[in-house]
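**Student:** We have chain A; now place chain B onto it with these hints.
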Amino acid sequence: MEIFWRTIAYYNSATWILQIVIILIGIALTALLISKPRPWVKMAMKFYMIGLYGWISIIYYYIYCEERSYNGVMAMFWGVMAIIWIWDAITGYTTFERTHKYDILSYILLAMPFIYPLVSLARGLSFPEMTSPVMPCSVVVFTIGLLLLFAHKVNMFLVLFLCHWSLIGLSKTYFFQIPEDFLLASATIPGLYLFFREYFLNNLHADTKPKAKYINWLLITVCVGLAILLTTTMFLELVPKN
Amino acid sequence: MKTSESLLSIGKFIAEYSAHLMGAGVHTSRVVRNSKRIGEAFGLDVKLGVFHKNIILTIIDKETNEACNEVIDIPAHPISFEHNSELSALSWEALDNHLSLEELTEKYRKIVSAPMIHPLFVLLLVGFANASFCKLFGGDLISMGIVFSATITGFYLKQQMQKKKMNHYIVFIVSAFVASLCASTALIFDTTSEIAMATSVLYLVPGVPLINGVIDVVEGYVLTGFARLTEASLLIVSIAIGLSFTLLMVKNSLI
Chain A
1 MEIFWRTIAY
11 YNSATWILQI
21 VIILIGIALT
31 ALLISKPRPW
41 VKMAMKFYMI
51 GLYGWISIIY
61 YYIYCEERSY
71 NGVMAMFWGV
81 MAIIWIWDAI
91 TGYTTFERTH
101 KYDILSYILL
111 AMPFIYPLVS
121 LARGLSFPEM
131 TSPVMPCSVV
141 VFTIGLLLLF
151 AHKVNMFLVL
161 FLCHWSLIGL
171 SKTYFFQIPE
181 DFLLASATIP
191 GLYLFFREYF
201 LNNLHADTKP
211 KAKYINWLLI
221 TVCVGLAILL
231 TTTMFLELVP
241 KN
Chain B
1 MKTSESLLSI
11 GKFIAEYSAH
21 LMGAGVHTSR
31 VVRNSKRIGE
41 AFGLDVKLGV
51 FHKNIILTII
61 DKETNEACNE
71 VIDIPAHPIS
81 FEHNSELSAL
91 SWEALDNHLS
101 LEELTEKYRK
111 IVSAPMIHPL
121 FVLLLVGFAN
131 ASFCKLFGGD
141 LISMGIVFSA
151 TITGFYLKQQ
161 MQKKKMNHYI
171 VFIVSAFVAS
181 LCASTALIFD
191 TTSEIAMATS
201 VLYLVPGVPL
211 INGVIDVVEG
221 YVLTGFARLT
231 EASLLIVSIA
241 IGLSFTLLMV
251 KNSLI
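Residue numbers (this note's numbering), protein chains in the order written: chain A, 1 to 242; chain B, 1 to 255.
The set of hints was computed from the structure by calculation and includes no laboratory data. Keep in mind that the hints are not guaranteed to be accurate.
Computed footprint of chain A on chain B; a stretch qualifies when at least three of its residues, placed anywhere within it, have a C-beta under 8 Å from a C-beta of chain A [unchecked claim]:
no., stretch
1, 42-56
2, 108-117
3, 150-157
Listing some non-contacts, in silico: residues in chain A with all C-beta distances to chain B over 12 Å [claimed, not checked]:
no., residue
4, 77
5, 89
6, 100
7, 104
8, 120
9, 133
10, 165
11, 212
Chain B side only, calculated, beta carbon under 10 Å to chain A, not exhaustive [stated by the list, open to error]:
no., residue
12, 82
13, 121
14, 124
15, 125
16, 141
17, 142
18, 145
19, 146
20, 160
21, 190
22, 191
23, 193
24, 249
25, 250
26, 251
Even for Gly, the Cβ is constructed at its ideal location relative to N, Cα and C.
Next up, chain A with everything else stripped away, as it sits in the complex (with noise of 0.2 Å):
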């Protein structure tokens, strides 16, 4: 744990003003795309993200946490999600179509990396050892966010990493004592669930097997089962060890 936060501090103190153009810009992107949504915003969007996962990916895990055993691990499955950006900006996969069926959900998300320093502050943590909008639990729920956000068309393939990402999320808060992963945790299951509905079970009513309707509870089921291992954890974190 100790080299956890240790890498933590090194790439904060290297990086933050590289991290505060990076927030900048995504902040400038993420306006722009919800007022003035034109093809080139887009684009940019996906440029951005392209840009924000490398740099999680080489930056964060294969330079600055080169000490946690693994990082390259990490690297690599950060190094995937960038990929599969590239070929969304390529074949156009994703539209970035606003539905506004999940603006509250999705600007809550949105939000959700800047609560994230707060609550290590909060924890009594400070600069440079504390969460920042630019490390990879931050950038998932801003991913999350951005998606539900524009949910008429998105890559799936991306969202079931994201998914896996905040189950990873869920088990380091347990392993590591890192209180600030229960912000992804607990944020991503109503949204991963609405992604799912979204995609697979538009239509209710069509005729499928077994009917749309009980794959729905289905699916409900597994995110109430994932939200009660979310419970026990945090309970067991936050009752107190002998």
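**Tutor:** Okay, now just chain B, sitting in the frame of chain A:
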């Protein structure tokens, strides 16, 4: 012949029926038995030559010795135990109830056009099945969760690539790589990560072709049996290649 139907239309139906069964993953002797049974219902002698990609069929009217030949390609259908059992039952129904060709064809169309199991349902159940495998091999709860998630990611990719009709071997290599890469994230935790990685690709194991291959060889259909076993072996090699990519990248060795 016990019916006024033309020999040709019965021949075409039996050819389509047997090709569908082969494509849906039924072992050869059952396909031959069912097809002969339908022929018998119409007073015909059915002789089949079954290959891996085609079926050659000759039907002979027992009364007039009139014969008709058909050759049909075996379509690539998803494995379906439901079609297997319902189409087998249909052959018995044809014999017992003396169904006309029209009735038989109608029932056949109803069975093959019934809605398939929903892809999300399959996705979730395959995830649970693989997570259970992880537990069976000694994995802990964290590994099971990671295997569940890795499996649905890999399986979703497989579904999408198969929808685009990509080459089977490439589909298997890429799916195995993605599933094992996702499972390799277990390495950062103090958990049964090796079991997680090993079991994350088990959803790809071509169990049905392997079993059918063995059954075919044992029952004397050596040609189709070996063809099925060869195809299954190549798929297993593809899984190994995908898993090896991950192992070489994350562990710098295969073991």
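**Student:** State for each hint whether it applies.
**Tutor:** Consistency of the hints with the structure:
1. 42-56: This one is violated; 0 residues, fewer than the three required, reach chain A with a Cβ under 8 Å.
2. 108-117: holds (count 4)
3. 150-157: As far as the stretch 150-157 of chain B goes, the hint holds, because 5 residues have Cβ atoms under 8 Å from chain A.
4. 77: Incorrect as stated: the minimum Cβ-Cβ distance to chain B is 6 Å, not above 12 Å.
5. 89: holds, 18 Å
6. 100: holds, 24 Å
7. 104: holds, 25 Å
8. 120: holds, 20 Å
9. 133: With a cut-off of 12 Å, residue 133 of chain A remains clear of chain B, as the shortest Cβ separation is near 22 Å.
10. 165: violated, 8 Å
11. 212: violated, 7 Å
12. 82: At about 9 Å, which falls below the 10 Å cut-off, the nearest Cβ of chain A leaves the hint on residue 82 of chain B intact, so it holds.
13. 121: holds, 5 Å
14. 124: holds, 6 Å
15. 125: holds, 9 Å
16. 141: holds, 9 Å
17. 142: holds, 5 Å
18. 145: Result: holds, 6 Å to nearest chain A Cβ.
19. 146: It holds, given that the least Cβ distance between residue 146 of chain B and chain A is near 7 Å, below 10 Å.
20. 160: Hint holds; residue 160 of chain B Cβ to chain A Cβ min 7 Å, cut 10 Å.
21. 190: holds, 7 Å
22. 191: Since the shortest Cβ distance to chain A is 8 Å, the answer is holds.
23. 193: holds, 9 Å
24. 249: holds, 6 Å
25. 250: Given a least distance of 5 Å, the restraint on residue 250 of chain B holds.
26. 251: holds, 9 Å
The structure does not agree with the numbered hints 1, 4, 10 and 11 stated previously, though it agrees with the rest.
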